[in-house]
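In order, the protein sequence lines correspond to chains A and B. Taking this note's numbering, the leading residue of the first sequence gets 1, the next gets one more, and so forth. Taking this note's numbering, the leading residue of the second sequence gets 438, the next gets one more, and so forth.
Treat the hints as calculated values from the structure; they're not laboratory data. From the three backbone atoms N, C-alpha and C, an ideal C-beta is built for every residue, glycine too. Hints may be right or wrong, so weigh each one.
To be verified - Part of the chain A face toward chain B, derived, beta carbon under 8 Å: (1) Pro346; (2) Tyr347; (3) Leu349; (4) Ser350; (5) Tyr357; (6) Thr358; (7) Ile413; (8) Asp419; (9) Glu420; (10) Asn426; (11) Asp427; (12) Asp430; (13) Ala431.
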Amino acid sequence: MQSRLIVKNFGPIKEVDLDLRNVNVFIGPQASGKSALAKLFTIFKAPRKFLKNGNAEANLKAFKDVLEEYNIQSFLMQDSEVEYLSELHNLSYKNGTFSYVPKLLNQIKKIERHGDSLDNNREKIYNELDSLSKQYLMFSMKFRDSMQEHAEQDTVSTGYDAEKVETHLNITQTNFPDIIKAIKDIETELSTNAVLYIPSERNFINIVKNSALNLLLHKVPIPKHILLFGAELEKSSVNEIDLGFLSENLVYRKINGEDRIFTSTENSIRLGEAASGVQSAVPILLAVYNFDEAAINRHHSFVIEEPELNLFPEAQYELIKKLAAFRDEIRGGDWGQLHVYTTHSPYILSALNILLYTNKVEKFLIDKSNSTGEWYDVFNERHSINIPPNFFSAYQIKDGGAESIFNIVTGLISDNYIDEATDKMNDDFDALMNLMK
Amino acid sequence: MILKALKEKLGDCKFTGISLCEHKSPYHHIAEKLFYIHDAENNQPVKIVLSGDYQLTVNNQLTTEICVVKTDKCLIKEVEGQKKCDCILFNNRRLYFVEIKSGRTGKRGERKRKAKEQLGATIDNLRSNGINLSNLELQAIICIKNHSRKIPQVTEQTMMEKFREQYNVKL
Chain A
1 MQSRLIVKNF GPIKEVDLDL RNVNVFIGPQ ASGKSALAKL FTIFKAPRKF
51 LKNGNAEANL KAFKDVLEEY NIQSFLMQDS EVEYLSELHN LSYKNGTFSY
101 VPKLLNQIKK IERHGDSLDN NREKIYNELD SLSKQYLMFS MKFRDSMQEH
151 AEQDTVSTGY DAEKVETHLN ITQTNFPDII KAIKDIETEL STNAVLYIPS
201 ERNFINIVKN SALNLLLHKV PIPKHILLFG AELEKSSVNE IDLGFLSENL
251 VYRKINGEDR IFTSTENSIR LGEAASGVQS AVPILLAVYN FDEAAINRHH
301 SFVIEEPELN LFPEAQYELI KKLAAFRDEI RGGDWGQLHV YTTHSPYILS
351 ALNILLYTNK VEKFLIDKSN STGEWYDVFN ERHSINIPPN FFSAYQIKDG
401 GAESIFNIVT GLISDNYIDE ATDKMNDDFD ALMNLMK
Chain B
438 MILKALKEKL GDCKFTGISL CEHKSPYHHI AEKLFYIHDA ENNQPVKIVL
488 SGDYQLTVNN QLTTEICVVK TDKCLIKEVE GQKKCDCILF NNRRLYFVEI
538 KSGRTGKRGE RKRKAKEQLG ATIDNLRSNG INLSNLELQA IICIKNHSRK
588 IPQVTEQTMM EKFREQYNVK L
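Chain B extracted, bound-state conformation (with noise of 0.2 Å):
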């Protein structure tokens, strides 16, 4: 259902003409039980990964059959200051909205406020575009590193409740 009405509303990769990725389509499927998705950061979108350099996991326990969407260089086509996150994960139960911040260093704060902005702006634009997400269970992820311990943030806490508020979906 979801797939058929994003192809229907949102079409193909916008980028033909320069991409440089091995599956043109926006539209991958896979049932691995366990896969990686890589963000290289060189103005390509992001990749589906089974090694090799990765900033997110996806555990498919189940291995059902999960569609990743290209969407930041692919699907959605560039317009200046239309945001958009990097890509968007589905089952036929959950949608996952992700955008990926760990390529670079520094402004940690400012790289996560630019991230839920991308993720809310990718909500408003399947929603405006008539997607029907209400049977979904939804969640938004910002992928970012974090290797010494995490101490609570307000600032976080209160992100999540302003996204959840603005969009009804978990950050």
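With the rest of the complex left out, here is chain A (with noise of 0.2 Å):
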């Protein structure tokens, strides 16, 4: 899924222009805007979700609720500019004015208006359904079976015709509402289907959990996307995660409803009690991995402030390689899942470069020889996750700017803040040591 995100005159962003993959990282200094870009793109992927079938001015004002749901209401200013483009919809918020074109609804419409003359469009709506089937994997899925299913009924009336089971011919007055109410279907989760941001602030909603009452009492104001992030949470159906890579033999289990993390078959204690970097990864998981293909309206796309939270570095590295092994973006634009990570962490940035490097040089030993050899078993056994370079996008955001920091020619991250800063420590250390001479 690729899309574009243009922001001008928002907080501390100037002016900046995204190309949006299917993992995205965003790197720069305390309140460069990045959590905002962030933010944007988790309430812009699916506008349908806060934009209830108004007209301009009540979508204009679901757009600021939506902003100050996100706590970043405030960055909208007078001369603000912000635009969303992708497959599925056009948005944007310039001069003060919303708009929302639904692109692919729209297309779907079109379709639907040539069934008035089915028999005059029916190649038409073949080639164009055929097209966004090659688009959209959910979509082949349901227009694939529709066809079979009527072709299979028409087989006992007329007789079973294999080479025309997926021809324009199988479109009929009978299974065309069906084929457009399907990808009708599929197109309004695509819209409503949102981001789940995954706050920094995760570790504290265990915190919160058993002082909700109080909390709502003493009306404490905490963000809604907190809320929202914690809500999500408690609908998650994840009973057991191993955490392993943490610590040996650690596992979390839910019991009763109640977070638990084992540290043996016996002992365990209550998530709010474990380690700092427990109680950071866990709501991560528990949101990643509350993923059903069959069901609908589950988040399939996570925006993760500060992965690496009370994490030590290979824990990073291991949790970076959990989140790689579970998206599965090859197979479709509206399926695998979407992340965007925010970090401060040298040590995310070169995990998500070795998982950009194994997918080069697993292109370059499949070229070189073939993927049955025994060098490939080896290969895979430790390096079975990777990153494709067209699906990854990373940047830094600094002085109300973007930069890109992914070298498409290498298909590599390449200079940036993290390790200038590293660089830079390094030479005050070796400043002070040539004193000592």
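Got two chains here, separate frames each, mind docking them using the hints?
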């Protein structure tokens, strides 16, 4: 899934133009606006989650309300401009007006209108549906299922012609409305299935869970996006997570609705009592693993603020590998998981770079010989997870702008502020050491 | 083979008039188990030393004969804009291009980038002179002080991959 986010004069952001892919990483100093950009992406990816079929004025209000939910309402200024462009829809906020163009829905409606004179437009309709089904995996499944189903029903009366199963002749007055309904449902799901924003305050949720009533009673103002994430966590149907990457034998289990961390088969503690690294990592995995291919309206896009929080370097690497292993981008633009990470960690950047390089090395090895050799098994055993370069973007956000730090030629992450900071620290250490001579 | 080719194509010291070296030849043969390379940054080529200040340690466990070639301010003549690394080390199996960047402090990123260019230019220089390196295992080394804990840098990883792509030599 490819999309473009253009933002001007929004809080600390002066002007940025981001080309977003399936895995995206934003780095930058504090208050540079990287979280604001991640939040705008969260909001715009599924616009009908907040736009309730209203007119332009109602849409504008809904937009302002959703900015408030994410605690970025004060970033909106007189001359703010925000634009989001994707295959699914275009959204823009400019000169104080908000517009939403549901591109895919309009395309479906156009096909639907062709159906008014089905016999004349049958081939055109088939071609348009076929082109959509190549773009969206779920369309393809529903579309071909419908065609197959009707072809099989027809077989009873007219005799089965295998060659005709996927031709335009199989679109009939009977199945056409079903096909349109099925693809409209998918479009609705794509437009309402919001990105889940996993805030850096995620371990706070474990702490407040037991004091929720007191917090309500005293009207403690907690930003809504944190509460939204907390509510999503409560819905997670994940009952067990192996946390061996954090500490040997460590397991998360949900027991009678309570989150518990098992240090051995018998001994367990409440999640709120566990080490800070466990409290940071478990909410991420609970959200990301709560993914069922059969169920609709489950999140499959995530913005994860600072995945490194409270984690030892090796655990940061393992977490990134776990997250990458759970994505499945190659199966279609509407499927698989989409991740945005904001980070200050050289370990997270390095982990992503290794996964990008794994992809490159794998391609090299396959081109060099074949994918069945012994070397391939050895390679695959250690490096089964990778990120294809065309599914990746990385930006550094600073001084109101955004600069790509992804080198498309090498397929790897290039020079960046985090590494410059490391260099500066090493330089300072050297300079001090020279004074000891 | 490689020594013969180097001598044939690149010749001898180009700084004989001003050289302060004890050994005037750019080519030194040594079979010590442990020796060091020192760049005093005094406008003179690097020196092989067995004690005292040094930047690069050569651990020659098998005590095979190693040839150290002083490239900068010695074998390769000074031409405006022509970059070169400090020295080349080789035996009959391996060849290392070495650039030492530890005399001064500060601007570490820039120094690493400059070192990468000097190493690349030396590889290009040898290849363009028709010196056949294909039978040797090649590696390029940037020798830079790193006293504090090593933190992974994607910049370094990516620089290594770019270098491999460009010169087919591991940096």
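Hints, one by one, checked against the model:
Because the closest C-beta pair between Pro346(A) and chain B is about 5 Å apart, less than 8 Å, the hint holds. Look at Tyr347(A): its Cβ gets to within about 6 Å of chain B, closer than 8 Å, so that hint holds up. Against a cut-off of 8 Å between C-beta atoms, the interface hint on Leu349(A) holds, since the closest Cβ of chain B lies about 5 Å away. For Ser350(A), the shortest C-beta to C-beta distance to chain B is roughly 4 Å, which falls under 8 Å, so the interface hint holds.
The beta carbon of Tyr357(A) is positioned within 8 Å of a beta carbon in chain B (closest approach about 7 Å), and the interface hint is therefore held. This hint is violated: Thr358(A) has a C-beta 12 Å from the nearest C-beta of chain B, more than the 8 Å allowed. Contact between Ile413(A) and chain B, as hinted, is supported at the beta carbon level, the nearest pair being about 4 Å apart and thus within 8 Å. Interface hint at Asp419(A): satisfied, since its Cβ lies 4 Å from the closest Cβ of chain B, which is below the 8 Å cut-off.
Residue-level restraint check for Glu420(A) holds (minimum Cβ-Cβ distance to chain B is 6 Å; threshold 8 Å). Residue-level restraint check for Asn426(A) holds (minimum Cβ-Cβ distance to chain B is 6 Å; threshold 8 Å). Satisfaction of the interface hint for Asp427(A) is found here, the shortest Cβ-Cβ separation to chain B being roughly 5 Å, below the 8 Å cut-off. Against a cut-off of 8 Å between C-beta atoms, the interface hint on Asp430(A) holds, since the closest Cβ of chain B lies about 4 Å away.
Hint on Ala431(A) holds. Least Cβ distance to chain B is approximately 5 Å, under the 8 Å limit.
Checked against the numbered hints given earlier, this structure breaks only hint 6.
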